[in-house]
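Peer 1: Please model the complete structure; the sequences and the hints are all you need to start from.
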Amino acid sequence: MQWYSKTRNKIILLAPTLIFYLIYMIVPVLLAIGYSLTRYAGVGKPVLNDFKNYTRAFSDPYFALAIKNTGILLLVSFVMLVCGSFFVAILLNQKLRLATVSKALVFSPAIIASIIVGILWGYILDPSTGLINNLLHAMNLDMLCQTWIGDKHWGIYSISMVYVWQQCGFIATIYLAGLGTIPNDVLEAAEIDGASFWQKLVRITVPMLKRTVISVGVLVITGSLKVFEIVQQLTNGGPAHSSETLVTYSYSLTFGSREYGYGMTLATLTFLISFVIMMFYLYLTRDKESGGMV
Amino acid sequence: MKRKVQRGILHVILYTFVLIMMVPLIWLVVISFKTNREILTQPLQLPSTWSFVNYKEALELLDIFRLFFNTFIIAVTAVVLQLIITIPSSLAVSRMVFKRKRVQTAIYSFLLIGLAISPFVLLFPIYRINFFLGISGKWALILPYVTMGISFNTLIFVGFIKTVPSELDEAAVIDGANLFQLIVKVITPVVKPAIATVIVFNALYIWNEYPFAAIMLNDAADYTLARGIAFFKGTYNVNYAGIAAYSVLIIIPELIIYALFQNSIVEGMTAGAVKG
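So the sequence lines, in the order shown, correspond to chains A and B.
Sequential numbering of the first sequence, starting at 1, is according to my numbering.
Sequential numbering of the second sequence, starting at 1, is according to my numbering.
The set of hints was computed from the structure by calculation and includes no laboratory data.
Do not rely on the hints blindly, as some may be mistaken.
To spell it out: a stretch of chain A is covered by chain B in this simulated footprint if at least three of its residues, at any positions, have a beta carbon under 8 Å from a beta carbon of chain B; those stretches are [what the hints assert, rightly or not]: (1) 101-109; (2) 132-140; (3) 164-176; (4) 221-232; (5) 261-268.
With a straight-line cut-off of 20 Å between C-alpha atoms, the simulated DMTMM-like cross-links for lysine to aspartate or glutamate are [claimed, not checked]: (6) 6/A with 175/B; (7) 95/A with 188/A; (8) 4/B with 191/A; (9) 68/A with 151/A; (10) 210/A with 287/A; (11) 138/B with 63/B; (12) 192/B with 170/B; (13) 2/B with 191/A; (14) 56/B with 38/B; (15) 6/A with 170/B; (16) 200/A with 185/A; (17) 185/B with 170/B; (18) 95/A with 191/A; (19) 233/B with 38/B; (20) 10/A with 38/B.
Going by beta-carbon spacing under 7 Å, a handful of chain B positions derived as facing chain A [said to hold, decoys possible]: (21) 9; (22) 10; (23) 126.
A virtual CB, placed ideally from N, CA and C, is assigned to each residue, including glycine.
Peer 2: Printed below as a string of structure tokens:
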């Protein structure tokens, strides 16, 4: 490629991508940080107000609540998806009858638009007309009926479960691909040596899937920090911001209350928090040099 | 015998699980045939008549074919533009000889930063940039979508090109191919499997994307499916049956496409995750 590596050719190949990237990715991030230092209501010019937005964020109880809710959402999805979906994958991998159809069906929620996922779960979770409470009522289990959406307690848990429903098959499919890479003879050898199902699982399958588990963790963390449409459709962050997550709260302040400056401060902080969580996770799961795992 | 019982139990667990997973979708279809009164007063009953009246009404209230058309045009334009710009730039990053290797690595890392940036930070600034540049209509959505794919495409294409020996393009160059011919006739066929992955991944994202569509599209004539259903729900929010019918109309084509291209869709969506 020496002949073609003239500066002119490099520019021809790289320029279009770099122009798009600068205008719609890099400049917007810088603008967001810029706006975050201002007071701006959409009219006139943004007014610099030092770091007042940031001090306001740290004393904003709703922001604290949004952090807490996002934490709950992250934890529930992490446990249910990183661990729960693993067992779904093991089950789907057992060469049972109709396993292929089952895989396809379980995966299907992942291709449906999140906004429709939010809408359709409304018909399930609605406290008065929804499926769950009416089923419980029909079975005389009224004491189990809850205000799944619309009160302060259950909202964020309902949202978490809907997200898990949407992602479960997708994550299980990633695990299935990983399970397919484990050589059969290793498992067979273990079986001949008399290893039980659980021993094979803990001693062979899980260690050999370590890389897949780490990638799944990354997907679940980045994904659950971006859950938006489900919240918006089910509770719209309410009542009184009680089920707001970081992205919906910054969105509602930016586009709902038109506090563009403060909204961008929250968006910037959200981005930083996500970044720190991700770095922390990657640090925890980094390859230890002498680690015996593959 | 014990093994048979075990397999039996596993089958029961699997089918129960699949059924539970499917309940929300089945329930949506059931709801879409009920009347609004039935939904409110007899929540558990099946519809008294299985008529398509809700569907007919929903279609009269909002032109779903226009939404499909818009979504299709936006997705195709954005993905085609993505391919046109990211295949050449990935070629430069992976194959061209830079005097200083560090510059090349830096450009590559720079192009990957986007993977870590949440689209929610970008919403308002991009809205302002579109306004500033005078970009409106479908383009206000297409151009950000093109950019959203750059980092992912770069990761996939560069990773793929690096696995292919460079003799092929060197031979083409010796045979007198120019830059354009090299990209179209040599590199594009070579990265074909990666192109499939990239198309599926980005097209699906764009098809289902909502936050950008909600902010960037001002004119109802440009609405995408996701934006359209939100608009429908916001406007006719007591028409439960209509919203359900509308949702079914959007989901069914998605499921058909999924059934037809299941393998490439699953592969495209899980790409990168397995390789880590």
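Peer 1: If a hint holds in the structure, say so; if it does not, say that too.
Peer 2: Checked hints:
no.: 1; hint: 101-109; result: holds (count 7)
no.: 2; hint: 132-140; result: holds (count 3)
no.: 3; hint: 164-176; result: holds (count 6)
no.: 4; hint: 221-232; result: holds (count 4)
no.: 5; hint: 261-268; result: holds (count 4)
no.: 6; hint: 6/A with 175/B; result: 18 Å, holds
no.: 7; hint: 95/A with 188/A; result: 16 Å, holds
no.: 8; hint: 4/B with 191/A; result: 18 Å, holds
no.: 9; hint: 68/A with 151/A; result: 16 Å, holds
no.: 10; hint: 210/A with 287/A; result: 10 Å, holds
no.: 11; hint: 138/B with 63/B; result: 17 Å, holds
no.: 12; hint: 192/B with 170/B; result: 19 Å, holds
no.: 13; hint: 2/B with 191/A; result: 17 Å, holds
no.: 14; hint: 56/B with 38/B; result: 18 Å, holds
no.: 15; hint: 6/A with 170/B; result: 15 Å, holds
no.: 16; hint: 200/A with 185/A; result: 12 Å, holds
no.: 17; hint: 185/B with 170/B; result: 13 Å, holds
no.: 18; hint: 95/A with 191/A; result: 17 Å, holds
no.: 19; hint: 233/B with 38/B; result: 19 Å, holds
no.: 20; hint: 10/A with 38/B; result: 65 Å, violated
no.: 21; hint: 9; result: 11 Å, violated
no.: 22; hint: 10; result: 6 Å, holds
no.: 23; hint: 126; result: 5 Å, holds
Checked against the numbered hints above, the structure violates hints 20, 21; every other hint is satisfied.
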